[in-house]
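Top to bottom, those sequences are chains A and B. Under our numbering, the first residue of the first sequence is numbered 464, with each subsequent residue one higher. Under our numbering, the first residue of the second sequence is numbered 306, with each subsequent residue one higher.
If you're looking for bench data, these hints aren't it; they were derived computationally from the structure. If a hint is listed, it holds; no wrong ones were tucked in.
These stretches of chain B come out as covered by chain A in the derived footprint (C-beta under 8 Å, 3 or more residues): (1) 331-341; (2) 358-371; (3) 392-400.
These figures come from a predicted structure and were not determined experimentally. All residues carry an ideal CB built from backbone N, CA and C; glycine is no exception.
Here are the chains, one letter per residue:
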Amino acid sequence: AQTVTQSQPEMSVQEAETVTLSCTYDTSESNYYLFWYKQPPSRQMILVIRQEAYKQQNATENRFSVNFQKAAKSFSLKISDSQLGDTAMYFCAFPAQTGANNLFFGTGTRLTVIP
Amino acid sequence: KAGVTQTPRYLIKTRGQQVTLSCSPISGHRSVSWYQQTPGQGLQFLFEYFSETQRNKGNFPGRFSGRQFSNSRSEMNVSTLELGDSALYLCASSFGPGGSEQYFGPGTRLTVT
Chain A
464 AQTVTQSQPE
474 MSVQEAETVT
484 LSCTYDTSES
494 NYYLFWYKQP
504 PSRQMILVIR
514 QEAYKQQNAT
524 ENRFSVNFQK
534 AAKSFSLKIS
544 DSQLGDTAMY
554 FCAFPAQTGA
564 NNLFFGTGTR
574 LTVIP
Chain B
306 KAGVTQTPRY
316 LIKTRGQQVT
326 LSCSPISGHR
336 SVSWYQQTPG
346 QGLQFLFEYF
356 SETQRNKGNF
366 PGRFSGRQFS
376 NSRSEMNVST
386 LELGDSALYL
396 CASSFGPGGS
406 EQYFGPGTRL
416 TVT
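Please put together the full structure from these sequences, using the hints given.
Given below as structure tokens:
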């Protein structure tokens with residue numbers, strides 16, 4: 464059965480500092496994608512970054528990068544130079560089946576950026 | 306390019322009633338997925354439509370149904386509403402199936418009294 468575990472319910476970081484959010488998962492699929500989404504107080508879910516499991520290179524998007532460890536089934540998100548606008552819930556997710564868009568979400572990490 | 310739109314944004318219904326929520330995907334996107342978000346259960350997948358066909362369905366009772374039209378717009382319907390159906394319902398669209406980035410709408414907040 465697929466599982467996604469985000470072990471940090473809440474985190475905080477000083478503005479301009481770096482923070483890492485952890486995510487571990489389990490899936491029987493061999494070819495899959497992994498996603499990080501953020502949900503700010505407005506509740507609008509925003510895609511942060513996508514990682515393809517067959518790619519060894521870690522994905523990066525500006526200040527956001529991932530540390531993908533396939534063997535360990537770990538997919539952490541690093542946010543550099545944290546900004547106040549990064550305050551949000553962050554969800555790790557992956558499709559429950561290869562070739563499908565039925566995302567399976569973790570419980571989320573609430574990140575607060577402190578000025 | 307316009308984002309995903311959902312209507313209505315807020316809705317209050319009474320137990321036993323039914324409700325229909327609408328989602329218009331990003332132009333050119335053919336896949337629409339629906340999710341329910343509650344404080345207790347988190348984000349849960351409801352169903353996915355691609356080219357007017359339901360491709361996947363989550364573990365929800367038959368009171369939850371959906372459909373997709375030829376212009377890719379999608380509706381979801383909940384019949385015989387229960388208090389536990391109070392939630393934020395999110396719609397997401399993507400260009401294709403399987404691993405494509407999904408872009409979410411602002412959601413419909415449903416309150417059942």
